[in-house]
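Work from the hints to combine the two standalone chains into their complex.
Each protein sequence line maps, in turn, to chains A and B. Per this note's numbering, residue 1 is the first one in the first sequence, and the count goes up by one each step. Per this note's numbering, residue 1 is the first one in the second sequence, and the count goes up by one each step.
Calculated directly from the structure, the hints in this document are not laboratory data. Be aware that one or more of the hints could be misleading.
To give an idea of the interface, some chain A residues facing chain B are shown, with a C-beta separation under 7 Å as derived from the structure [claimed, not checked]:
id	residue
1	LYS331
2	PRO334
3	GLY384
4	ASN484
5	PHE487
Cut-off 30 Å, straight-line C-alpha distance, at most; resulting in silico cross-link-like pairs (DSSO-like, lysine-lysine) [said to hold, decoys possible]:
id	chain 1	residue 1	chain 2	residue 2
6	A	LYS320	A	LYS331
7	B	LYS13	A	LYS335
8	B	LYS16	A	LYS473
9	B	LYS6	A	LYS331
Computed footprint of chain A on chain B; a stretch qualifies when at least three of its residues, placed anywhere within it, have a C-beta under 8 Å from a C-beta of chain A [said to hold, decoys possible]:
id	segment
10	19-29
11	45-56
12	59-67
13	73-81
Note that the structure is a prediction, hence the values are computed from the model and not measured. Even for Gly, the Cβ is constructed at its ideal location relative to N, Cα and C.
Residues per chain are reported as follows:
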Amino acid sequence: MWMIEIPPFIPFFIGALIAAFTRGVLRNTLMIIVPIVSGLHLWMVPEGIHLQFAFLDYQLSPYRVDKLSLMFGYVFHIAAFIAIIYSLHVKDTVQQVSAMLYAGSGLGAVFAGDLLTLFVFWELLAFTSVFLIWARRTPQSYVAGMRYLIIQVLSGVILLVGALFYAVENGTLDFGYIGLNGIAGWLIFIAFGIKCAFPIAHNWLTDAYPEATVTGTVFLSAFTTKVAVYALARSYPGTELLVYIGAAMTCFPIFFAVIENDLRRVLAYSLINQVGFMVVGIGIGTALAINGAVSHAFNDVIFKGLLFMSMGAVLHMTGKINGSDLGGLYKTMPKTTILCIVGAASISAFPLFSGFVSKSMVMSAALEEGYDWIWLMLLFASAGVFHHAGIKIPYFAFFAHDSGLRASDPPKNMLFAMTIAACLCIAIGIYPSALYSLLPYDTGYNPYDATHVLAQTQLLFFSALAFVWLNLKGMYPPELRSTNLDFDWIYRRAMPLVFQNMFSVIWKVDRMVRDMIKEKLSHSFAYLASKNNRLSGLLSRNHPSGSMAMWIAVMLGIYLLLSFVK
Amino acid sequence: MKNEKKYLFDDPKNVKRVLYILYSCCALLVILDFVIHRHVIHSWESLWGFYPLYGFVGCVILVVVATWMRSFLMRDEDYYENIELKNLGETTKEPLTKNIASKTGGHHVDD
Chain A
1 MWMIEIPPFI PFFIGALIAA FTRGVLRNTL MIIVPIVSGL HLWMVPEGIH
51 LQFAFLDYQL SPYRVDKLSL MFGYVFHIAA FIAIIYSLHV KDTVQQVSAM
101 LYAGSGLGAV FAGDLLTLFV FWELLAFTSV FLIWARRTPQ SYVAGMRYLI
151 IQVLSGVILL VGALFYAVEN GTLDFGYIGL NGIAGWLIFI AFGIKCAFPI
201 AHNWLTDAYP EATVTGTVFL SAFTTKVAVY ALARSYPGTE LLVYIGAAMT
251 CFPIFFAVIE NDLRRVLAYS LINQVGFMVV GIGIGTALAI NGAVSHAFND
301 VIFKGLLFMS MGAVLHMTGK INGSDLGGLY KTMPKTTILC IVGAASISAF
351 PLFSGFVSKS MVMSAALEEG YDWIWLMLLF ASAGVFHHAG IKIPYFAFFA
401 HDSGLRASDP PKNMLFAMTI AACLCIAIGI YPSALYSLLP YDTGYNPYDA
451 THVLAQTQLL FFSALAFVWL NLKGMYPPEL RSTNLDFDWI YRRAMPLVFQ
501 NMFSVIWKVD RMVRDMIKEK LSHSFAYLAS KNNRLSGLLS RNHPSGSMAM
551 WIAVMLGIYL LLSFVK
Chain B
1 MKNEKKYLFD DPKNVKRVLY ILYSCCALLV ILDFVIHRHV IHSWESLWGF
51 YPLYGFVGCV ILVVVATWMR SFLMRDEDYY ENIELKNLGE TTKEPLTKNI
101 ASKTGGHHVD D
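With the rest of the complex left out, here is chain B (with noise of 0.2 Å):
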């Protein structure tokens, strides 16, 4: 990996780049709140930072329930596999380990 090209992540600088600027937008977001005269229809519209403040706590809270979510959602990956394909394997094993046999015309030692 050492001869790669460097990839344009590759560089922290550049993600900090990006970051600096998406807290630019959110400030400018922000601002732009006491510039433009919304027309609302609901009160909390009218809340002082209203949209920021749902779209950011609103993420978080989401983010922290389906981390606790997984506290008793999650099992191992195969969890529904090791049943489900075993109970499909014993249903379509022997016929297919038959028709083998027939096809190419051998015998089973017992026969």
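Next comes chain A alone, as it looks inside the complex (with noise of 0.2 Å):
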């Protein structure tokens, strides 16, 4: 090779630096460069481990080249190259910083070719995205990046832990296929469980990712979930916890998203969707669905960050995002609607569109492995994200009722960056073979024969017509003020609750303990002294000194006349 292969984290580590220490155009050109050197430098590396070393007695590899890392090496490329359009105009430095770092520690995880390397990427992905949280510098953003933290930091720990477990277990770090065996496999994937927003570990995400800067959740919608996604497909393909895991991943958000207002917390339940449909994939194992889980990957960062970047356009133009203040907008950011539309589109799978070619994989693999309710329920969760996040958010954010408000398209950088994803949504779903000669398998997939695109096309015309039916009924649930409970419940509100109580118990129990203590111990003070005060005690009688004096007279006269009998 004519070129030294350099981890793709080092450019971006780099551009971090140099986004810290320029401003105004010169940092803007750089940033984009950035990504696309990176890019086409990735494009030219071939396959294998091209940096190795040993640690202690462990054989480190940073970075390790194989198909499955390149698809993912490669869409993170395209979501930084996107989202650091997106996001030119911020003028925050710490964002910029923070951006660059985060993407570079994605890139940094998916080229780990050992755990410890995996590891370190891994919680740096957490300190570095909390940034992006915290730049709202709202009080709710900081408690949710506090919480967000907490959480990502917990799994990088646990999988240390598991880390260590399986060092000693099989004598090697290699991060390959683990499998739910030993303490080791079930810690690592429970550490990954907690990064791909697995049910009751989801609440993170739904907290944290609304409360986020407006270019900031563009970022974080890219990488953090779909690192934990390339971490499943490489160590625990096959495992069939996935199947059910996934399957529950796809259908419970859904419900959420229905009554949620916050349109970003609406997105943020469909990642969850989405993610669960990868984690189906992940689970049957078979070539198809493992192709299909990486490629749904590759097209929900496209898709979901156009959606994310749409909505993050109305939040920066009008300074609302909630369902139950929008509406009506489509008057004045038409351009705006028509990219969040593609973002619909694409993410409903409908034919011709990106979510389309990669979902139908998925779906296509449950049958043919006789996971009949498992393949119901993915029917089921394709049909309601068509309802939430296909039709209600381009509906409550630019139709519905007119809201009054009158914001223009967004500014142009961040147009653009719409316009190129909604491109690639539509290029992809088109064209999907440029898609699939990356994937990991060849399996020689068609999704455009007349049984899928029919079947698709009637599942989701049939689901608009509901959503149409509810709402001339009457019965589609409005907008509403207000926060669901959700399992984040049980860490923000009932144990803060109890622990609050319990300390309010054992306070109250050790403040009666002591005043009872103190009590007796005053009594028998009293009891002493009042035994004792009174001129006739035995320890408290007067004694003259006179008398003293006489009695060691009469003591050293004792000792004399000893010293005489002797």
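Written out as structure tokens, the structure reads:
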């Protein structure tokens, strides 16, 4: 090879350094150049392990390239490129630097060839991304960021412990197939699961992403969960448990999404739903299913990014993001409306849009492997995702009742970034072969046969019909200013309340015991004092000093006598 | 707002038109069910109108259940903030005011 293989996180970390010390047009230009140069470089890097050294007794390989990691490497470059363009207008250096570091950490994690390197980037992902949340500089974002950081770091710590167990059990730190046997397998699985937003561990996502800055959420939606999906695909393909976890992930968030008011939180719930499809694919573990999971991750980064960008544009221009405050924006934000609809069509998996060519692979694999009920759940989730992300997002933001807001389309850089994403969504949808050629396996799958197209179109159009019917009947739940309880209630309300009550009881008991002892002590002191304070008392009798002198003289006299006796 | 220009969907006729397009698409898709021979993997798929019905009923159930969930999951918008931000305020307020006082070189009246 005529050039040195540089791990892709290095250009991004250098980019972060540049972003810290430059301003204005220079910074913008350099930040755009970083993902382009790094991406082109990655395109030319052959597969294999390019960096390896021994650490203590273990072989570390921080830069390993194969088909699976390349797929995520490419899409992370695309996502970083789009998100950087989207955030060019941001003057906040904290955001620009942490975004570059965050993208670099994501790339570092997917090219990590051993568990220790993975752990380092796993934690870096958490520490760099939290600044994108705090950069909103509201009290809400501060507390949400704290919770986010605690959960992410916890995941990292569990990963480290799991990796240490793994090293002891197997004598190697190689980041390959692990499987659910032994304590190491389970610990690492839980660590991946937390970052992957498994049910119960999912609230960090719906809590923190909507509190991040307009541009920060676009970065956040691309990397963290996809790194976790990648890690699961590498270490736990074909683990049946994942099928059920994934199916649960596709279904339960859509209920919350339907009644959620904050439109970016709706997207956060739908992000979990989409990750669920990938997790199911990994769990099934056949070549087709893995291909489906990986390609869906690839597409999801782009269309979910597009949706977050369009909602970010609404928030940026109007300062509002609640469905109850928005509506009628198509009048003055026509371009954003169209771009948002492209994203909505892609996530809903309309034929000719990107979601269709990847999601159908997972569905077909589920059917082929005989997971009938899982297939029905996925089908329900497909209809549901169209309902809440495909219709609800554009409808309540841009149509519905006229909110009276007359915001114009966002700045050019935002529109341009959204346009790139929208073009990619359509291009992949129309010409999926390009995407398929990058996939780990060659399955010869063709999404565009009459059966598939008809089935999916029927499903989606009748979901739309259901939306219209419910709306006309007045049965559709209106957007209300509200908080919906989710599992985070346990650690945001119940646990603090329990601890508060517990400590108040403990303190009460503690005070009672102290008071009791104090009272007893003072009683006994008083008793002793009263006993001895009288002149007649044994210890308080007064002796004249003359008698003392006399007794001393007597003692000395006896002593003298004794000396004579001897 | 009187002088404002009329937009596409300000005219109810246009909304009706969109709905009619949707209805006719749905009808067309059901008819296509008879025309196109599909090769199915699962026996349910060959049931007449399986996908359209599943999509429609699924969505109605989704919305009905979600609406019902509101009855026990919905709280005020500032449900969490009430407590979380109050705690935050207590811990940050004091040093903040002290800093301001020392920065400006001011003294408290009691000092």
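Where does the structure disagree with the numbered hints, that is, which hint numbers, in rising order?
-> 2, 5
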